[in-house]
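Trainee: Okay, here's what each chain looks like letter by letter:
Protein chains: 2
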Amino acid sequence: MITLYDYLDSGNGYKVRLLLAQLGMPYRYVELDIMRGATRTPQFLAINPDGRIPTLELEDGRHLAQSDAILWYLADGTAFVPTEKFARAQVLQWMFFEQYSHEPNVATPRFIVRHLPADSPRRAELLQRLARGREALAVMERHLQSRSYFVGERYSIADIALYAYTHVAEDGGLELAPFPQLRAWLARVAGQPRHVRLLDRPTQG
Amino acid sequence: MITLYDYLDSGNGYKVRLLLAQLGMPYRYVELDIMRGATRTPQFLAINPDGRIPTLELEDGRHLAQSDAILWYLADGTAFVPTEKFARAQVLQWMFFEQYSHEPNVATPRFIVRHLPADSPRRAELLQRLARGREALAVMERHLQSRSYFVGERYSIADIALYAYTHVAEDGGLELAPFPQLRAWLARVAGQPRHVRLLDRPTQG
Numbered sequence: 002m003i004t005l006y007d008y009l010d011s012g013n014g015y016k017v018r019l020l021l022a023q024l025g026m027p028y029r030y031v032e033l034d035i036m037r038g039a040t041r042t043p044q045f046l047a048i049n050p051d052g053r054i055p056t057l058e059l060e061d062g063r064h065l066a067q068s069d070a071i072l073w074y075l076a077d078g079t080a081f082v083p084t085e086k087f088a089r090a091q092v093l094q095w096m097f098f099e100q101y102s103h104e105p106n107v108a109t110p111r112f113i114v115r116h117l118p119a120d121s122p123r124r125a126e127l128l129q130r131l132a133r134g135r136e137a138l139a140v141m142e143r144h145l146q147s148r149s150y151f152v153g154e155r156y157s158i159a160d161i162a163l164y165a166y167t168h169v170a171e172d173g174g175l176e177l178a179p180f181p182q183l184r185a186w187l188a189r190v191a192g193q194p195r196h197v198r199l200l201d202r203p204t205q206g
Numbered sequence: 002m003i004t005l006y007d008y009l010d011s012g013n014g015y016k017v018r019l020l021l022a023q024l025g026m027p028y029r030y031v032e033l034d035i036m037r038g039a040t041r042t043p044q045f046l047a048i049n050p051d052g053r054i055p056t057l058e059l060e061d062g063r064h065l066a067q068s069d070a071i072l073w074y075l076a077d078g079t080a081f082v083p084t085e086k087f088a089r090a091q092v093l094q095w096m097f098f099e100q101y102s103h104e105p106n107v108a109t110p111r112f113i114v115r116h117l118p119a120d121s122p123r124r125a126e127l128l129q130r131l132a133r134g135r136e137a138l139a140v141m142e143r144h145l146q147s148r149s150y151f152v153g154e155r156y157s158i159a160d161i162a163l164y165a166y167t168h169v170a171e172d173g174g175l176e177l178a179p180f181p182q183l184r185a186w187l188a189r190v191a192g193q194p195r196h197v198r199l200l201d202r203p204t205q206g
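Chain order of the listed sequences is A and B.
Residues 2 to 206 (the working numbering) are what the first sequence spells out, left to right.
Residues 2 to 206 (the working numbering) are what the second sequence spells out, left to right.
Possibly wrong hints are sitting among the right ones.
Pairs count within a copy or across copies, as identical chains cannot be separated in the list.
Said to hold, decoys possible - Quick list of in silico lysine to aspartate or glutamate cross-link-like pairs, EDC-like style, CA-CA up to 20 Å:
1) Lys86 x Glu154
2) Lys86 x Asp61
3) Lys86 x Glu58
4) Lys86 x Glu60
Read the hints as simulated data drawn from the structure, not as lab findings.
Only a predicted model underlies this, so the values are computations on that prediction, with no experimental measurement involved.
For reference, chain A alone in the conformation it holds in the complex (with noise of 0.2 Å):
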């Protein structure tokens, strides 16, 4: 069986578990403490030299990093990645966005705002990472405007790396309420079946 390094309220870890579940694929679930430095152990940076959460673990040992990598492995041959050599690129070219523009000014913010104290020096990013987070959804907004998923008029993984962290945007400060085709596309992949919540915490596969 598979096995997921990952932290509950992440939400790059959440997009694999979305997947996982929509696959049907039992795996078995190692929470780390990201706040008291478990992924910064020997042990685990022996797992992942990048000392960060989500990592896979497969069956044979060998390790995979970064979300979007991730889903690419676990999904690529399904339904969840298009066939066709362009679609499949712009799958990429949406996750390439999410990691880019979107993650250290969406998800960013909202780890600053719930995790670290009130005092944080860190806080003094906030203007410019929301300022630019709200160009992020922007931009998916207009994508959204003729589209109702980001490639290819299908629920793909570029929909399910760029929901993790925008249907919990307003958690660090960015209103959604701006953007109504976003908010129709987040309760359209909300409502895809065997969806799970971000702090739905998985049971043993």
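For chain A, the structure is supplied; the task is to place chain B on it using the hints.
Mentor: Just chain B now, with coordinates in the frame of chain A:
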């Protein structure tokens, strides 16, 4: 013929130019002056709503953004992307590492130093970004202790993606002297057939 919208000093654009040169694939090159807002015009936003270079235009007029998604699109099915499922996911893992942990902390300091005024308020970002940039280089150094290339002991688009800004990291203030494995790998990449340099202006295909 395909068209590449780009800016010559962009390492993200250079990734695509390097791969195209090594594939021997002709292309039309359109340089946009990102410092004068050429990627934020209504005309360019119609091509890429995210307003960034590089952007690839296919012969049929479709567009693809995000440098690492473009690399995957152009290289999949060639010797620059492995065929085995886990190795393919490892290539993506390193490309997501590049965009999340490396580019903002290795490329952005270079951009601030080379392209913004000496009194830019963005210089305040340098200390934190350079510290994280050194961490990203250290992760690469550890990985290369026992390897010649990032995935499967073979030159791939993972190496191209990471080479682009690593080889000019010193422009932004990140010394490479403490990273001997990294420097040996840089030399191996630069020694690949049909290598081109960052500021080599493409000849029209």
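Trainee: Which constraints among the numbered hints does this structure fail? Numbers only, ascending.
Mentor: none
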